[in-house]
Structures are given as C-alpha cells and as structure tokens.
Amino acid sequence: MSSEKNAAAAASAEIGTAVFWDAAEKIHGPWTLAHRTVESVRALRPDDHAIGPAYTIRLRRASDSWTSNREDFLRAYDEAPEGAVVVVEVQTDIGGCAMGDLVAHRLSQCKVAGVIINGAIRDLVGLKQIAPPTWYREITMAGPISREITVEVGVDVTVGGAVIRSGDLVCADVDGVFVTPKNEAAKIQEKAREIVAKEAVINARLAAGEDLRTILLGQAEPAH
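In terms of my numbering, the sequence shown is residues 2 to 225.
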C-alpha cells in the first residue's frame with residue numbers, strides 16, 4: 002500500500018459514524034439511510050470506536066449436539082482477520098452468550114478492529130479490560146452451548162435491521178453503527194474526509210468568535 006493510501010486509511014480510522022452518515026447522505030440524499038444503521042446495540046465503553054471490513058459470523062441452534070460444532074464455533078473466532086470488524090448474527094436462542102472474556106481475549110490477539118453482536122455477552126468486568134471495541138445487545142451469565150450451535154462464516158447477516166455482507170465497511174462508535182457496501186467504501190471515505198476538513202475550518206471560525214449564521218448561511222447577525 003502506498004504512503005498516500007496509508008495516510009488516507011489512518012485518517013479514515015479516526016472518523017466517527019455521524020460523519021459517515023453525513024457523507025452517505027450527501028451522496029444518496031436524505032431519508033435514504035435507515036437500512037445502513039444497526040439498531041439496538043450499545044457500546045461496551047464510551048470511547049469504543051472501530052472501522053474496518055466486516056467479517057461475518059452467523060450462530061443458530063443446531064438440530065444435534067456435535068463436537069464438530071464446537072470446533073466450528075472456536076475456529077470462527079480464531080480465524081478473524083486482523084483489522085476486521087467481527088459482526089455476529091445470533092439468529093436463534095443459543096443458550097447463552099456469543100462472546101465472553103476468553104473469546105474476547107483471542108479476538109484482541111487477532112488484532113480485530115471491533116466486534117458487533119446482536120446478542121448477549123458475559124464477563125463484563127473482564128471484557129472492559131481486554132475486549133476489542135465491542136457493541137452488544139444484552140448481558141447474560143450463561144456461556145454458549147457450543148456443541149449445539151451451527152456456525153456459518155462469510156455469509157450475509159442481518160444485525161439490528163441492517164444487512165451486512167462480508168467485506169462491507171463498518172464504522173461504530175458511541176453514536177451507533179453504520180454500514181457501507183464495500184463497492185462504495187472508497188467513495189464514502191473520501192467524502193467523509195472532505196467533511197472533516199470542512200468542519201475543522203468551521204470550528205476554527207467558531208473559536209474565533211464568528212456565529213453560525215455567518216459561517217453556514219453567509220448571513221451576519223443583525224446589529225443591536
């Protein structure tokens with residue numbers, strides 16, 4: 002990767018979901034983006050932030066109990082790519098959590114960018130210390146019954162109302178989770194960086210004492 006692309010990727014890594022929303026809205030228009038937002042998940046920590054390509058996992062109750070199911074469950078997490086956002090769809094009741102502190106520890110070692118789960122997590126104290134940036138729906142004390150879970154990797158998943166495909170760009174922070182189809186990722190990131198640069202100028206003008214109407218509308222406040 003060229004130094005210019007490295008710099009662009011680093012700049013995008015600091016951009017929040019609100020900016021990605023604005024960038025997509027400028028391209029697609031208002032009232033068009035609800036299907037790209039993941040609802041009903043919350044950030045594990047207030048400063049959690051993640052951006053990267055989706056690595057998708059689907060979990061559902063198996064019809065039978067097999068050791069191979071447990072192996073598939075563990076392999077799905079073991080093989081998470083560095084820099085990816087792990088997106089887990091819990092499709093049916095799996096008898097417990099989709100991630101505890103041991104799975105989170107492994108994902109941290111894999112250097113994933115983040116984890117999004119439309120299901121339960123457990124070991125909250127440990128997770129806050131060791132987990133990658135994480136978004137989840139609920140908390141439980143129960144571990145997964147992994148012998149009785151069917152696992153699929155790299156499939157299209159539906160999480161919080163959004164359809165996420167392997168490789169889609171996922172951005173998540175305390176404001177929410179936003180998904181961009183991978184064929185639009187470069188365009189959205191470029192537009193997002195333009196917005197960040199523009200807002201930096203606006204904030205500098207605000208810090209200098211200008212008012213919003215002058216800056217945004219070109220209208221000065223009336224004299225008193």
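These are calculated hints, taken from the structure and not from any lab test. The C-beta atom is built at its ideal place from N, Cα and C for all residues, glycine as well. A portion of the hints provided could be inaccurate.
[Claimed, not checked] Derived Cβ-Cβ restraints for the label pairs, each shown as a range:
hint: 1; residue 1: 214; residue 2: 159; range: 39 to 49 Å
hint: 2; residue 1: 125; residue 2: 33; range: 32 to 42 Å
hint: 3; residue 1: 33; residue 2: 219; range: 24 to 34 Å
hint: 4; residue 1: 211; residue 2: 61; range: 48 to 58 Å
hint: 5; residue 1: 209; residue 2: 110; range: 43 to 53 Å
hint: 6; residue 1: 93; residue 2: 203; range: 46 to 56 Å
hint: 7; residue 1: 206; residue 2: 184; range: 28 to 38 Å
hint: 8; residue 1: 155; residue 2: 40; range: 20 to 30 Å
hint: 9; residue 1: 110; residue 2: 212; range: 44 to 54 Å
hint: 10; residue 1: 141; residue 2: 217; range: 21 to 31 Å
hint: 11; residue 1: 217; residue 2: 166; range: 17 to 27 Å
hint: 12; residue 1: 110; residue 2: 142; range: 37 to 47 Å
Now the hints, each set against the structure:
1. 214 <-> 159: 39 to 49 Å: 43 Å, holds
2. 125 <-> 33: 32 to 42 Å: About 36 Å separates the Cβ atoms of residue 125 and residue 33, which means 32 to 42 Å holds.
3. 33 <-> 219: 24 to 34 Å: 28 Å, holds
4. 211 <-> 61: 48 to 58 Å: 55 Å, holds
5. 209 <-> 110: 43 to 53 Å: 47 Å, holds
6. 93 <-> 203: 46 to 56 Å: Given range 46 to 56 Å: holds, Cβ gap about 47 Å.
7. 206 <-> 184: 28 to 38 Å: For residue 206 and residue 184 the Cβ distance comes to about 36 Å; the hint holds.
8. 155 <-> 40: 20 to 30 Å: Because 23 Å falls inside the window, the suggested range holds.
9. 110 <-> 212: 44 to 54 Å: 50 Å, holds
10. 141 <-> 217: 21 to 31 Å: 46 Å, violated
11. 217 <-> 166: 17 to 27 Å: 36 Å, violated
12. 110 <-> 142: 37 to 47 Å: 25 Å, violated
In summary, the numbered hints that this structure violates are 10, 11, 12.
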